[in-house]
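Novice: Each chain is listed here by its residues.
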Amino acid sequence: MNILHVEHLTKKYFLSKHFAIKNVTFSLAQGSMCGFLGPNGAGKSTTINVIAGLTKKNEGKIYFDNTEIKEGDFDYKRSIGFVLERPTYFEKLTVKEYLEFAGSMYDIDKTETAQRTTELIEFFDLTEKQNEWIEKYSAGMKKKVSLAAALIHRPKVLILDEPLEGIDPISAKRIKDNLQLMKQNGTSILISSHILDTIEKLCDDIIIINKGTIVFETKTKNIRNKIKNELTNETYQSLEEIFIDVVSENTDKTKKTFSWL
Amino acid sequence: MLIQSQLKILLRYRQILVMPITIITIIILAKILSLPNFEIHTIVPVVFFFFVVTGDIFSCVFDFPSKEFVKYLVFPIKYQRVLLVKNITVLIATTLYIIVLIGMSVILFQLPYSTFLYAFTYYLTLIFLFVSFGNMLSAFAPKMSSSHVTISRMIIVAIVLSFFSIPYIAIKFSTKSIWLCYPYIFFTIVLWRSVSIPLASKQFSKNIFIISDSMYEYSSR
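These protein sequences, in sequence, are chains D and X. Take 85 as the starting number for the first sequence in the working numbering and just add one per residue. Take -9 as the starting number for the second sequence in the working numbering and just add one per residue.
Honestly, the hints are just simulated from the structure, not real lab data. Keep in mind it's a predicted model, so treat the numbers as computed, not measured. Fair warning: there could be bad hints in the mix.
[Claimed, not checked] Short, incomplete list of chain X residues facing chain D, as computed with Cβ under 7 Å:
1) Ile(-1)
2) Lys61
3) Val64
4) Phe65
5) Pro66
6) Ile67
7) Lys68
8) Asn77
9) Leu81
[Claimed, not checked] In silico lysine-lysine, DSS-like type, Cα no more than 27 Å apart, as pairs:
10) D:Lys240 <-> D:Lys226
11) X:Lys61 <-> D:Lys305
12) X:Lys61 <-> D:Lys154
13) D:Lys226 <-> X:Lys(-2)
14) D:Lys285 <-> X:Lys61
15) D:Lys96 <-> X:Lys(-2)
16) D:Lys260 <-> D:Lys145
17) D:Lys180 <-> X:Lys68
18) X:Lys61 <-> D:Lys145
19) D:Lys106 <-> D:Lys226
20) D:Lys295 <-> D:Lys101
21) D:Lys176 <-> D:Lys96
Virtual Cβ for every residue (Gly too), placed ideally from N, Cα, C.
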């Protein structure tokens, strides 16, 4: 059963000549993790922002739990945790204040919010700096704050745009383990990232978007030794190989070097 | 909770406190040092200009909600409610600031009310012209560099300043009124604008005037 379904999503930014996304259609199955990949500017963040209700779509439909999300709808956000590419935390608050604020936005009981806040702060190793304003945090720490706020209400669906960007390896490992755990407990996760190895290990499904259009979709288990390159007729050995092949217009693109080096 | 958090964030903006603190510090210093012939009134417009014209206060009061309020939209909250909170915050912040300014100017400096009113209107007009002119430039000529915007703003300020001050100085010249400090103010502005990066006002223009479909589209509709 699909918890999130996106149908023919199209977005063209004001005064832009190109479509940011065009006819994007995909589904996120309940309790699954889907890697949403693409080069910079491919339309990943636009898609996620449209789902989050931060960017208006031109065309298309979004269904959450089999109910269509209309413009202005906000109730569906109670069940979703967002980590967006652009920061969504308030820099003039401390992490504790921000998480308490996030808790109140999701109508979580104060005692429960306080308890979850403490746990999240500990989990993300933010205890030492919990009394400092978020603006003083490093990029990685800020990402952790976003993640913490996305988790505080125990969402059914997590939509993560570059969640591991700038995060130290220990925390990244912990986050990945917890994402796996959440998935096992039924949470559906849509994750956009450039760390292909991680995506390959974590996700059940892979979607590759390029120039606003979905160009490749598969189950992760099919990646190695099953899918064949149309030109060479050889099977792919990693997600990276597929990604480069699907996204590059010609195979020499990755081999480009600087003329002066 | 929404308004509470908005106000909490707003009050943590350093700029909101800069001007009152500066004025008070200058007064205290002047009193402590017992400066001979210290004309307290002359310092007020200078400080007003120094901080207000640079757009710091404006960016703080108006830019802040535009930038910040879009962040609420990731939470399950009605767009109209966020907009309402944004407007209430701006209103409260502006009212508070005006009250503080009036209170400080009238009580601390014992300015005659009519003089203050004139000065206040004058500053407000100037600020408005200064900021809106820069915004117009940014909106209609987005490729214009920030230094060009700054220079254009300075020209506008100089024109407005002259328009307002010359007749006033001519009338009041013999009385050594506070308006004599105009040239000083003018050079302070020129100096300040020349050395500072108009970041705050640039950001302000970006949020208010450039209509984009990005994350800020909701804040500008």
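Novice: What hint numbers does the structure not satisfy?
Specialist: 8, 9, 11, 14, 15, 16, 19, 21
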